[in-house]
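Assemble the complex: chain A is given as a structure, and chain B must be docked to it using the hints.
Chains as they are written, first to last, in UniProt numbering: chain A, 1 to 384; chain B, 1 to 384.
What the hints contain is simulated information worked out from the structure, not anything from laboratory work. Where is the CB? At the ideal position from N, CA and C, for every residue including glycine. Heads up, a few of these hints could be off.
As the list claims (entries may be wrong) - Example chain B residues on the side facing chain A (calculated, C-beta under 7 angstroms, incomplete):
#, residue
1, Val217
2, Ser221
3, Leu222
4, Ala256
5, Asp267
6, Met269
7, Pro271
8, Asn276
9, Arg280
10, Trp334
As the list claims (entries may be wrong) - 20 angstroms max Cα-Cα, derived SDA-like pairs, lysine to any residue:
#, chain 1, residue 1, chain 2, residue 2
11, B, Lys57, B, Pro381
12, B, Lys218, A, Asn229
13, B, Lys295, A, Thr219
14, A, Lys218, B, Lys57
2 protein chains.
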Amino acid sequence: MPVFVASAKAPVNIATLKYWGKRDTKLNLPTNSSISVTLSTDDLAAYTTATASPAYKDDSLVLNGIPEPIEQSARLSACLRELRALRAALEQADSSLPPLSSYHVHVFSKNNFPTAAGLASSAAGFAALVRAVANLFELPQSPEELSRIARQGSGSACRSLMGGFVGWEMGSKDDGSDSLAVQIAPKSHWPTIKAAILVISAQKKDISSTSGMQTTVKTSSLFQHRIQNVVPRRYEEMKNAILNHDFELFATLTMADSNQFHAVCLDSMPPIFYMNDASRQAIRAVEELNRAAGKTIAAYTFDAGPNCVIYYQQEDEQAVLGLLRTAVPDADKWTSTNASASLLHGYNTELLAGLDNAVTQVILTSIGDAPVSTEEHLDFPPVE
Amino acid sequence: MPVFVASAKAPVNIATLKYWGKRDTKLNLPTNSSISVTLSTDDLAAYTTATASPAYKDDSLVLNGIPEPIEQSARLSACLRELRALRAALEQADSSLPPLSSYHVHVFSKNNFPTAAGLASSAAGFAALVRAVANLFELPQSPEELSRIARQGSGSACRSLMGGFVGWEMGSKDDGSDSLAVQIAPKSHWPTIKAAILVISAQKKDISSTSGMQTTVKTSSLFQHRIQNVVPRRYEEMKNAILNHDFELFATLTMADSNQFHAVCLDSMPPIFYMNDASRQAIRAVEELNRAAGKTIAAYTFDAGPNCVIYYQQEDEQAVLGLLRTAVPDADKWTSTNASASLLHGYNTELLAGLDNAVTQVILTSIGDAPVSTEEHLDFPPVE
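Here chain A stands alone, though its shape is the one from the complex (with noise of 0.2 angstroms):
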């Protein structure tokens, strides 16, 4: 019986304008628009291997090597239902094509860094298998159409179809067709934007993304004001700092959003509390970074748990890293050497005592690309 195989590989991405509320739980429709930095799938990236089998009895799916119950995820379902969708579109056009529409699928997954880290880990999942099972299907979908399909997976996972620079636009019809994501500008547009990521050690995670928004929305008085009067203005902003290269704009806004996100979950009620208090030694390291330097040369962000994202632009990499490496000396923790680095002069490194312990990996990143197809597949069982 013939197996019918593709893979992808997706990238992660981290907000620097904050998806923190649904207007729709079961579209993940959001309560506003956000704007994310796609990661190199060189440093952190989802793997999937989709294949469709007449022998397959059912759907099925292995994270990391691992069964899931699909029956289960009703998001996982949401998303094959809508590629099924426009493939059988393509064979109802086209008669010649192998009837994959009618077929199970089976989707294997892995990461290429600790799910357990806490890096948006499901929307690079989601965002490579819709690529994997678009590819699978042979859809001429864009990017923005599939984003359509990955933000029912995981809302943030639209985000992940693209490269560069993107928008995820809230919408406003009920059915979610117009909630997808948009690519603000390419990564070749500021190819030098770079990421290092703290990895900090959580005691135990406080309430998962996905109720925690709710609470916010259900609970926050200040949360209303956020989604209409402040981030409408600030994507546009965002958005221009981003077109303009204007670093220094694009870094406020991001830490100031970051830090408005935590302040609607310490709102909420009960209070959510993602950072920790390494956490905060790490805006108050980045605070001293750019005071130091006489201008912002970086911006913190914190999704919903403790680790640090530090975004900067590889002209202040000797800066950044100098600082980080003062912070956290133990080279077993970071996962490249190669550049060269020097703490600023006058940098008050009092404020770092410490972190060295909270902080458990550096991983050194930058702005990456749209998923892509590989021929690399993952291990599946054969098929008789």
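Only chain B this time, still in chain A's reference frame:
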């Protein structure tokens, strides 16, 4: 040469609806009204002795035995100027009165608790100072009128001029004449309100509240929404909860407002953090207490520092102290040990691990009365 002397003892107050933001930094006019509970001077008090003599060459202030440079304290001068004006009016009406308004004044002040613990010592201190000098000058003004003067010393000091539940009405006039404290209800209205204070060690205090609040006023985009849309309604709700003895509503509003105050701090640029990991653990411990109790029996609140103040009612003291004794078993850290206590059935003690290390002191106290005059004067040097 004659020396005139008067002394007073004044209480600490801990806000349940927070004062954060000045619309006039010179006059200490707030951006929003606030509410507090006055705590018993049996446990926390500022003692002040004020002396006046024609022999004095200047005004002076001795705080906890250490002379303060009075010329530098515009705050203190503002209070003395206003109090002298009121005295001068009395003297003008009755020429038999000694001309105290023309004498210099020496002020001696100390607290019965460590100033460094961050327990609103300046509020109690300025309230005691205004009360003592008002006594010295035999001023007939009401606590409301005196609160207007204390406000110019330290904003929240105005609320320490009264006992029980106190509101600070922000007022609207530019000269601040309508920005003063009013008693919402005396201690006798709800005498069973108790407070436990967990003194939590801070590595280093973040920005002072005086500069912190102006950073928030200038930079937080959520702040305007808080002061315009949230606080005015919350003030009325909290006032009614107090008048109706509705502890659950009072507690819920208190916790929400503490969280929102810290949320607008976090939404400031640079972000301001007063709570630390131990503070957040205290929040979780109180949440678990309310869950185990099946209703809201305790409310946490945090001022501009990591200390946790827990309000509860006498009838729930066993449950609250049961939790606190389990969390902080070291009896040396407790200011009193006279209550029986037992942990609520089903309480998840895992949440408490490590809290003992962070809490340096547990202070038990209760709702209290207004400042009082006292004949126990602090030592002051004789005048030749």
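Verification of the supplied hints:
1. Val217: Violated, because the Cβ-Cβ distance from valine 217 of chain B to chain A comes to roughly 15 angstroms (cut-off 7 angstroms).
2. Ser221: Result: holds, 5 angstroms to nearest chain A Cβ.
3. Leu222: Holds. Min distance 5 angstroms.
4. Ala256: 6 angstroms, holds
5. Asp267: Holds - the Cβ of aspartate 267 of chain B comes within 7 angstroms of chain A, reaching about 4 angstroms at its closest.
6. Met269: 6 angstroms, holds
7. Pro271: Because about 5 angstroms separates proline 271 of chain B from the closest Cβ in chain A, which is inside the 7 angstroms limit, the hint holds.
8. Asn276: Given a least distance of 5 angstroms, the restraint on asparagine 276 of chain B holds.
9. Arg280: 5 angstroms, holds
10. Trp334: 26 angstroms, violated
11. B:Lys57 x B:Pro381: 14 angstroms, holds
12. B:Lys218 x A:Asn229: 17 angstroms, holds
13. B:Lys295 x A:Thr219: Holds: lysine 295 of chain B and threonine 219 of chain A sit about 18 angstroms apart, inside 20 angstroms.
14. A:Lys218 x B:Lys57: Violated, at roughly 62 angstroms.
Violated hints for the displayed structure, listed by number in ascending order: 1, 10 and 14.
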